[in-house]
Structures are given as structure tokens and as C-alpha cells.
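**Q** Those sequence lines, one after another, are chains A and B. Residue numbers in the first sequence follow this note's numbering, run continuously in steps of one, and reach 584 at the last position. Residue numbers in the second sequence follow this note's numbering, run continuously in steps of one, and reach 161 at the last position.
The hints are simulated quantities; they were obtained by calculation from the structure and are not laboratory data. A hint or two may mislead.
Derived list of chain B stretches under chain A, where covered just means 3 residues or more per stretch with a C-beta under 8 Å from a C-beta of chain A [stated by the list, open to error]:
hint, stretch
1, -16 to -4
2, 5 to 13
3, 41 to 47
4, 101 to 113
Note that this is a predicted model, so its numbers are computed, not measured. Every residue, glycine too, gets a C-beta built ideally from N, C-alpha and C.
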Amino acid sequence: MASTESFRTCPETGLKVHGPAETLIKANAVVAVVFLAIGGLFGLLVALTRWQAVHLLGPETFYLALTAHGADVLLFWILFFEVALLYFASAVLLNCRLATPRIAWAAFVLMLVGALMANVAVLQGGSSVMFTSYVPMMAAPHFYLGLIIFAVGALVAVFVFFGTLVIARQERTYQGSIPLVTFGALTAAIIAVYTIASGAIILVPTWLWSIGYISHIDTLMYKTVWWGLGHSSQQVNVAAHVAVWYAIAAIVLGAKPLSEKVSRGAFLLYIFFLQLAAAHHLLVEPGLSSEFKVFNTSYAIYLAVLGSMIHGLSVPGAIEAAQRHNGVTEGIFGWLRRAPWGNPAFSGMVMSIVMFGFLGGISGVVLGTEQLNLLMHNTLYVTGHFHATVVTGTTLAFMALTYLLIPLVWRRELVLPTWAKWQPYMFGLGAMGISLFMMGAGTLGVSRRHWDITFSDAPVAFDYPPAAFAMLALNGIFAVIASAGGIMYIVVVVGSILFGKKRGEVEMRTNPVVFQGRQVAAVSSYGSAHTLQVPGTLVLVAIFFTAFVLYYYINWKFLSEVWPMG
Amino acid sequence: MAITSPEVRLWWKEPLHKIELIWISIAFLWGLIMFATMVYWHIYGTQNLSNEAYRVIPDQYAERVDAFVAENTVREEGDTGIPVVRPAAGGDAYMLGRLWEWYPILELQKGQSYRLHLSSLDWLHGFSLQPTNINIQVHPEYEMVITITPDEAGEFGVVCNEYCGIGHHQMVGKIYVVEE
């Protein structure tokens, strides 16, 4: 049992914060941000090369930068941040000590060593195999080994989280059920376990193959199992950033879930059905039956999609209900107009919800439809889709959360508050443009992972339409905007941690980041919400649904115009 | 709040509000409709990927492609030396991907159907027919057979859209579709 002096009580939230847990949250979050900066820089180089008028890098460096970009932002930034989030959602929110801080440090070291090893392998050249690292194209052995060590570290961290939940229950540090945010984090952690298991099943033999102990790996088998890691790791992000949405709405506005039952049920749908989504990377593969493809894309995915659609009502609904409860009641959208748009945590969260839903969610379902996949498989549309989910969704949500972690965990005021205020808009707008224009280029047929779309030194000529070049130029411009937003984020975060004014009790009282409104008992008998008068949310949901249906069938129209085949 | 334990201890026994129930029902029904759309397209739609695929040894596939080229070549593409092959309408057409070319170039007749065989001799490649935008993954050791019916005449590019190394961007092939 940890001694009492390693705890402090947070004056703003009243939560008991475990010292070692707090240090681990800081360490993981800082390393996450460093990898975001490195990965983001590589991303900018990639976008400036795709912009054909600039065409910055040569082919060798381009593919190297693309591989580094994928690994650093998609794996290392996001997973380090998620580990910080897991410790926050368990030890801090449940008022308890972190299980085995020493093992948590071991996990941190493993993840760091693995991430550095993979980066070194990529930067040495010879491991430009892309994030997917499809066999039989081979990377250096320490590329695979780095990923394996990183994954082992992440798995250990997930088990520290589970252990912390067990301790909290045993030591009765909370009443009743775990909070919804912790429940969301638990969902992410459960998905992470089988994600990392898939990764081990495929990466360990691939590593053995790279050092010569295994002579052959079947390409279709590799791809099938690899996507159990590849796509599922992104589902970890979805669960995590939905939990972050609920957390930010609660901290900034005092929002309560409309219904604990509905929100938790939606997370359960993720646990049961998201995993099968991995199969939608195999829709134009030889050797898999249509029945398998239809089952995996529809049955399973749509129940997971159902989960996201439920959150699509309940998160904005919780915000609207809280605003109305706090006295902002005029009209249908008064609650939205008078929301704290100058608070980067809030604005980042709202943009994350909107863009994840409209851009990431809808494009994901279209891409994952068995026959429609023919139209955009391996084009830049895919890249556009996952920039919408992972950049406008996950990354923006995590950035928004850091604006709360700095005052609460680091107990520092933000430096450059004006930069902080504009940063989510800058980054969000940039990321939105990147996603949209890559989807546009993909619709015009531009393939992903392609150094030169003019095919200048190919023996057989082919020209993409001029609009494709315009799309990639716009993509480059918005990548510059997003990078500016990324630099603003790094400057504000690093500056605040190092030089931010210390927050004492006085600052916490005069300038609170946690919602201080009176917590009045629920006025309606419905769920945990104060009321279920959410007319604005219903309008927004109706707009979303209409856009979804229209866009879905527009793509079937596109499909009906290609060559008949069977 | 979402960061504290639920206020109502037995939260799972709370009733479901009508608004949420309606939205969940709509979303669930929409999922069923999207499911049905895919099944419908298999029955009535004309763009479906075939389930026909075989395990092959790359060398043997290459031999079959060479035999196909030897038998059906009509000319060479400019001064590239790449054969342009015209398969019989309704018959088999072969194409293979390798570092870094699509081989051979095909000449098809508009409105005729062909059994197009696709495989790779080395790494993963992506068959991307442009500007029609049909995209199919091509694996080594797997041969996929798709029945295609070109319904427009013209020159079509076959771009590789699966990263296959440093010469990836040079991997362009061609299909001519001619009026008959």
C-alpha cells in the first residue's frame, strides 16, 4: 500500500492524485508530443513532395519519409498519449494509486527503445516498407524488432491499467460503477489487447523471416493478420478519443451523459464488433469469398458503426443539455452560439466530433462497402479517410485534452493564450483540407504512396486529369496550414510545461479550468441528464444522417458507371 | 458527470428515452439497408469482383503469360518493345505485375467479355485501371480471374497503386479498348 504522502488532492476537482501516476502521465505525454513533432515534420515533407509543382524530395527520401511519418504519428504519438490517458482515466479519475509504477516505467522504457529502434532502422534507409510493411518486401530486422518491443511495452502498460482498476475496486476508492470516461478507456484497453496480440502473431514470424529463420511468409496470410493489428489499433483510438470527448464536455461544461446505459452500450458495441472491420482491407483481394466480405463489412461493421452513430447523438446531446441546464436556453442553436469557442479544449473537441463524423465516419463506411471498395482501394481516398479519422478525430481530440492536462496535471498556466486559442482552428482547418483533398484526388484515381503522379520516367505514359494536380496542390497548402497549427501546439505545450506560470490555489480559484457551476440535481427523471430537451442536436443529427445516405448512394452511382465485371 | 461514477447506481435499469430509442432504431435500420444493398448488387448489379482464384507458382504463371503473348501479339507499343496482345473475344486475357511493369499491353474489343487473369511474379502490386478507377490487389502466388466487359473505347492506364519499391512510380501499363 502506497504511503499517503505520495498523494496530493487537486483543489479544482477534489480528486486524490497519486504522485507516481502523475509523473508517468507526464513522461508518456511528453514523449508522445515529441513523436508528433517528428512525425508531423515528415508528413509535411511528404505533402510538399506530392504537390507536383514543389516536388520536394527524391523518390528514396520520399518513401523513407512516408514510412517514418506513418510509424511516428500513427503508432508512437498516439499510443504514448493513450498510455498517459489510460493512467489518467484509472489512477486519477478513480482516486487511487497506480498499480506497480515500476512495471509502468519498464513499459515506458520498452516503448521508447522500440520506437527509437524502428526510427533508426527507417532513417538508415533499407526499411522504407511503409507503415503496412507488406511481405515479401523486406525491412531490416531491427525495424520489425523495434515494433515488437514497442508493442510489448504497450501491452505491459495496458495491464498496469487493468491492475489499477482492480486496486481501485479492492480499495473502494470510488462508489458504484466506474465513470463513463474510464469505461471508454477500458474499451480502448480491451481492444488494444487483441490488437497487440495480432501484431505479435504476424510481426514475430516476419522478424524471424528477416533474419533468415523462416524462409517464406504467405502474402495473403500476412495481410489478413496484419490488419488485425493495423485497423484495430485505430479502433483503440476511436474508443479513446470518444472517451476524451466525454471527458472534455464534463470538465469544461459539467456535461453529463444523456444516458449512461446508451453511452456504455455504444462502447460495448465497439468491443464486440470493431475487430471484424479489419477485413475491409481485403475486399479486392483474391481468394476470399464474397460471403466473407459481405459478412465482415456489413454485419459486424455496421454494429460498430451503430456504436459511433449513438455517440454522434449522445456527445453533442450531453453538451446541449449541459448548456441549457447552465442557462443558455434561447432558440435551437443558442447553446452552440454561446459555447466557449475561445477555449481550445472545447473548440478542438467540437471540431474533432464534427470532422470525425462527417469526413472520417462516412468515408470509412463507403470505403468498407464490399463493391464500392473497388473504386478507391489503395487510392489517396484511403489516405484522406484515415487522416479524417486519425488527424481530425484522434489527434485533434488529444490536443484539446492537453489544454486541460497542462493546468490540471502540470499545474501551469498556458503561455501564449492567444496562440492556444487559435491553434485548434488552424490545425483543424489544415487537417480538414488534407483529408478532403486527398479524398478528392483518390476519387480521381490518384494512387497512394506514389512519388511522381506524372510518371515522368515510365516507359508507358499515362496522365491524370488536371484536377488531380489541383487537389494535390491544395493538399500541400493545407498541409502547410496544419503544420503551422502543429508548431503552435508544440510551442504552447512545451512553453507552458517549461515556462508556464505555476498555478497555486489562488489561480485555481480565480481562473478555474474545471466547470464551477452549481451541480443541481437532475430535473428530469431521465437517465443522468438534466433534461432531454436537445432540439439543436436532433437537427444536427438529421443533417448528418442525410449527408451519409446521399453520399453512400452517390458512390453506388459511380460504381454503376465502371466496366461491368464479375 | 462522465468523469465521475454514475449518479444512479443501477444505471442499466433506467428507461430508454423515446428520442434515443428512435435514433438507435434508425441507425440500426440504416445498417440493415446498407447490408441489403451489397447483397442486392450481387444479384442485380453488374460490378462485382469474382470469387475465382487459384494458387499458382509464379514461374508457371509467367510461362502461361509468355505462351499467351506468343500466340496473340498483334504489334509492339511504339519503340518500347512491349507487346500489344489481342485476345479472342470471350477468351482468356493475361496480365502480370513485376518490378516494375505490367505485362503485356492488352487490346480489347468494346462490348466483349474477357476472362482477365491477374497475378504477380514478385511483390504485392495494385492493379489500378484509370481513368475508370477500378482497383484490385495483386498477390504473388495467387491468380485471380475476373470477367470484364469494357463498355467504352479508348486508352486506359494501368497504374500500380501498391507500393513496391523505388521504381513504383514507373510501373504503368496500358489497355486499349477498340470499337468493332
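**Q** Do at least three Cβ atoms from the stretch 101 to 113 of chain B come closer than 8 Å to Cβ atoms of chain A?
**A** holds (count 9)
**Q** Establish whether the coverage given for the stretch 5 to 13 of chain B by chain A is satisfied; the threshold is a Cβ-Cβ distance below 8 Å, and no fewer than three residues must meet it.
**A** Holds: 7 residues of the stretch 5 to 13 of chain B have a Cβ under 8 Å from chain A.
**Q** If you count the residues of the stretch -16 to -4 of chain B with a beta-carbon closer than 8 Å to a beta-carbon of chain A, do you get 3 or more?
**A** As far as the stretch -16 to -4 of chain B goes, the hint holds, because 11 residues have Cβ atoms under 8 Å from chain A.
**Q** Are there three or more residues in the stretch 41 to 47 of chain B whose C-beta lies within less than 8 Å of some C-beta in chain A?
**A** violated (count 0)
In this structure, the one hint that does not hold is number 3.
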